[in-house]
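Chemist: Chain by chain, the residues:
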Amino acid sequence: MKSESEHQQQTQADTSHQSENKAADIQQEVGATIGQPFVKQPKMQARHVDVFYGEKQAIYDVSLDLGKNEVVALIGPSGCGKSTFLRCMNRMNDTIPICRVSGMITLDDEDIYAEDMDPVLLRARVGMVFQKPNPFPKSIYDNVAYGARLHGLAFNKAELDEIVITSLQKAGLFDEVRDRLHEPGTGLSGGQQQRLCIARTIAVSPEVILMDEPASALDPIATAIIEELIDELRQNYTIAIVTHSMQQAARVSQRTAYFHLGKLVEIGATNQIFTNPLHELTENYITGRFG
Amino acid sequence: MDATTLLVVITTLSLLGYVLGRQRSIKVAANHGGQRKLHSLPKYYGYMVSLWTGLPALVLLVFWLIFEPGIINSMLLAELPAEMSALSENKLSLVMNDLQLLAESGRIKAETDPVKRSAAETLVGLENRSQLVRNILIFSVALAGTIWSLSRIRVHTRARVFVERIIRYLLILCSLVAILTTIGIVLSVLFESLRFFKSVPLTDFMFGTKWSPQTAIRADQIGSSGTFGAIPLFAGTLLISAIALIIAVPTGLMSAIYLSEYASSSFRAFAKPLLEILAGIPTVVYGFFAALTVAPFIRNLGETIGLDVASESALATGIVMGIMIIPFVSSLSDDVISAVPKAMRDAAYGMGATQSETIRQVLIPAALPGIVGGILLAASRAIGETMIVVMAAGLAANLTANPLQAVTTVTVQIVTLLTGDQEFDSPKTLAAFALGLMLFITTLVLNVIALHIVRKYREQYE
Amino acid sequence: MNNTELIKKGLAKRYRREKRFRAYGLMAILAGFIFLFVLVTDIVIKATPAFTQHWIKLEVNFNPEILDVGKKAGIDELKQANYNLLAKKSIRSLFPEVKKRRDKSKLAAMLSSSAEYQLRDMLLAEPYLLGQQQTVWVLADDDVDTYYKTDDKSKAVRLNDKQKIWADTLAADGRVSKRLNTTLFTNGDSREPEQAGIRGAATGSFYTILVTLLLSFPLGVAAAIYLEEFAPRNRWVDLIEVNINNLAAVPSIVFGLLGLAVFINYFGLPRSAPLVGGLVLTLMTLPTIIIASRSAIKAVPPSIRQAALGIGASRTQTVFQHVLPLAMPGILTGTIIGLAQALGETAPLLMIGMVAFIVDIPHGFLDSATVLPVQIYLWADSPERAFVAKTSAAILVLLLFLVVMNGLAVLLRKKFERRW
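Protein chains in written order, with the numbering used here: chain W, 35 to 325; chain L, 617 to 1078; chain P, 22 to 441.
Check each hint, because a few of them may be wrong.
Stated by the list, open to error - When the alpha-carbon atoms are kept at most 30 Å apart in a straight line, the in silico BS3-like pairs for lysine-lysine are as follows:
(1) L:Lys958 to P:Lys199
(2) W:Lys204 to P:Lys435
(3) P:Lys110 to P:Lys92
(4) L:Lys958 to L:Lys888
(5) W:Lys166 to L:Lys1072
It should be emphasised that the hints constitute simulated quantities derived from the structure, not laboratory data. Predicted, not measured: the structure shown is a model, and the values here were computed from it.
Okay, chain W solo, but in the shape it has when bound (with noise of 0.2 Å):
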């Protein structure tokens, strides 16, 4: 796995060298998105998003929806700027001082950039999973336990235990830590720590989570099951995923985003994009020609 993404970023600077000549031309093209950003029942929807750190743009013009129910996939070279994207629908960017989000961004018609809309609540509504497992030094059970403790979701011990076992079963991995849910959750693998972080997510019963390649670190076997587990999340949850691997957007996802430098260049069903891409930049992409 490791030499995959290692070969992958090495065909990548190869590549990069030969599309920055055409990246001048094709700027030109890609000022309108092709295909079909927006659906009948969105959850959220982004309108006109540009991103700036610092006096540097990083997202232009960015328009698309999440529709209830559905699993978008956003891909593209890295650098592309879909992770920056992710991070703007929770107000993860807050973090960095020097980010600047215009546009408008909205969760169930709310704008969620709005002055009364509250950070705090508006993550515990949009869940996150990063691309690093990353459970706090602390045990399984208080890493999943953590978010309902913090917003003050369970008023008895029960309640908090019932919390506790569902989110670990919804992510699967209850049946493998019922014996030591007093454990580290760094002693976990790290799959397992992936799942933990899944259900350290759902605990606090989001409408939407987030997922910044959250199988980018796993093994071949933990990223199946990853998967998997996406797919079955979808009955509940709203989910767009980041994903640098093209066969992992089409397994789990419905519809896909293709960005390229800063732009969202196509989107549509992921059939279609994967089988009749409309943009060249998206058929060179999926096609291997860099990236």
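Since the structure of chain W is provided, determine the placement of chains L and P on it from the hints.
Modeler: Frame of chain W; chains L and P shown alone:
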């Protein structure tokens, strides 16, 4: 010719050796087809000869200077009349000192005591002879080094390799100074402490609750001397250090948190150096501040609310010591908190934790080992701190936990016992070394544990 | 009630806690600032009086009878003359009404004991003054000086009521003048506050720090080079590293014990000498310099070394000709910071006898000497009130040196800072 002149001579000889060595190498090379044939640049042959000239002579000189006094002493002792050499060890060292002074004064002729006069004359004779032998010996060693190394210069002599090897040995020697220092510390405090524990049992020292060394001023009072129960000193040290830590740990920790998590970068840029000034102020200044400003202030404050506060209260001393170690705690905590990986922060924020919840529930628990290590280092520093307590804490050994009373500390007693005129061998001075040993062991243990914890902590996140 | 509402309910309380926590942090920093501010202001306020001195104008008649010398006395005779009496007579002549023995001596005590030496030097320099009347400004005693400097006159307890009246009279007659205190910078230590200066201590500090610099810099840099560039990774080197880290945290007083036992008692070096002080401070500063030098050497990128080795330089040549010059700014910064620490260090020097009362200004590495921080300690212990101001002034001078040194270090770092 005294040692300094000899040193100058050796230096001159080695410089000469450099010039000769260089020339010789060029000459040798000329016979074999030019400088290109030489293994090293000519200057390295110069260095080589220079080293061969100076180094052995220098080493010899150092050894001579270290061992000369001892050998001369024992030779003198052998020649002394029986009634003199039969004296007790203490008296003998006094007599020897006397003779030394007499010999150096150059007024031997004026001495009335014939025994002393002849002994001093013997001493002068021995010293003169020793100096002559030394000078001849060292000069010949230097010269022999020059000639021998010059004769060894060939085209293929690996002068650079030789010089670089010597340089490396010198570098190793320099890095051994750290170990020598530690050994020196251990030996010096250990030997004197062992002598102390011969006259005062270890258990009396460690568990005795009464400390009054003042009665044992003169050497002939050994045995009838004061009591050396160090418990009040340990207790006093702990009391003052505890007060200092109570002040420094929350303040230092909270300011580190504020600076690293909340403050804007411009505020941090000016606040951090400003706080660090506190660490750069010499402790004697804190001592002055504690004794003349804080202690009277606290005393007056106590009086207005009807409390009886000693003018050298542990509280005043502890507070000022606390101020001194604030930047210490702060910069150590800052380091460990910023070492917590960003992923940990992201996880907490991603769950919807507020900033303070992230800090209190995630960052601090994650950084706890590092913080504990920092606190241990701060404690070690508080325990070993000397000037503040010497100037602002008491001298009387009170066994009390009341911060409003005066207590004394280990370091205060070391300073008190060792400053002023005293016989080096009295139990009073030896007691200072025993206290020094306790201090060294305590701080050593704290440091080793703390450094170990901090190192393990860093490795965990690397 | 769903989760969103539940969370909303608790939010107000959580934000209150957030605010409180943040306030604690700000308070901690402010507390640090306040401590610093109070400390510095306190010392500046206390030090101000020390920078001025009061002088008293006397009409001195170099009368041979009072001086107890012949009318045509030569230099040798004048050296032995009774200048003490001359000074006493001169001030008494201003208050002819004072008759009682005890009052007379109280009156004479208002002059500094340096007055007689001042008169002697004056006469020895210009012997023709013998038998002449001369207007002379002499130094006031420290208690009188303090009296003039105190606003609330009733608080100056070291003068009795009569002395206070005399002092007021002198001032009213225009016989008192307040001048810049140069004595503080030109004299050695003295039991009399008005004659005490820091020159002796400053010179002692200079010699001590010079020894420290000459020893600790080469030793420290050499050790750092070995550990960073040549040392194999084995247990021995680990031991040296642990040792250095630990030595950096050993209480300074323990180094003093080492100095006493090894340098003075074993090697028989003289007590109170800057050489011994420098040796002890060297051992103490060495860890700081080694640690700083190591990180400076480590910061030089490996590419530099590879470049030098690649064109055929030996490892030693690479290190001394390429790595060391590039690491030098960092090493110098660390050295200056270490020396600044050494300059402020007191405790170990007490152990090796640098605490003695020394009037003379030292002239070498083996003369008895004291250093600035020890001088501060000695003066702080003196009962005379005037010494409080002197102590504070000496502290300001010490702090000034430290500020300059640290400023230099910061400047060096800024100027030569490199980003590789």
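Chemist: Below or equal to 30 Å on CA atoms is what counts here, so check Lys110 of chain P against Lys92 of chain P.
Modeler: holds, 19 Å
Chemist: For the pair we were handed, Lys204 of chain W and Lys435 of chain P, check the Cα-Cα distance against 30 Å.
Modeler: violated, 56 Å
Chemist: Starting from Lys166 of chain W, check that the Cα of Lys1072 of chain L is at most 30 Å away, please.
Modeler: holds, 22 Å
Chemist: Between Lys958 of chain L and Lys888 of chain L, does the CA-CA distance stay at or below 30 Å?
Modeler: holds, 22 Å
Chemist: Measure nothing beyond the straight line between the CA atoms of Lys958 of chain L and Lys199 of chain P; if it is 30 Å or shorter, mark the hint as holding.
Modeler: violated, 63 Å
In the structure shown, a violation is registered for the earlier hints numbered 1 and 2, in ascending order.
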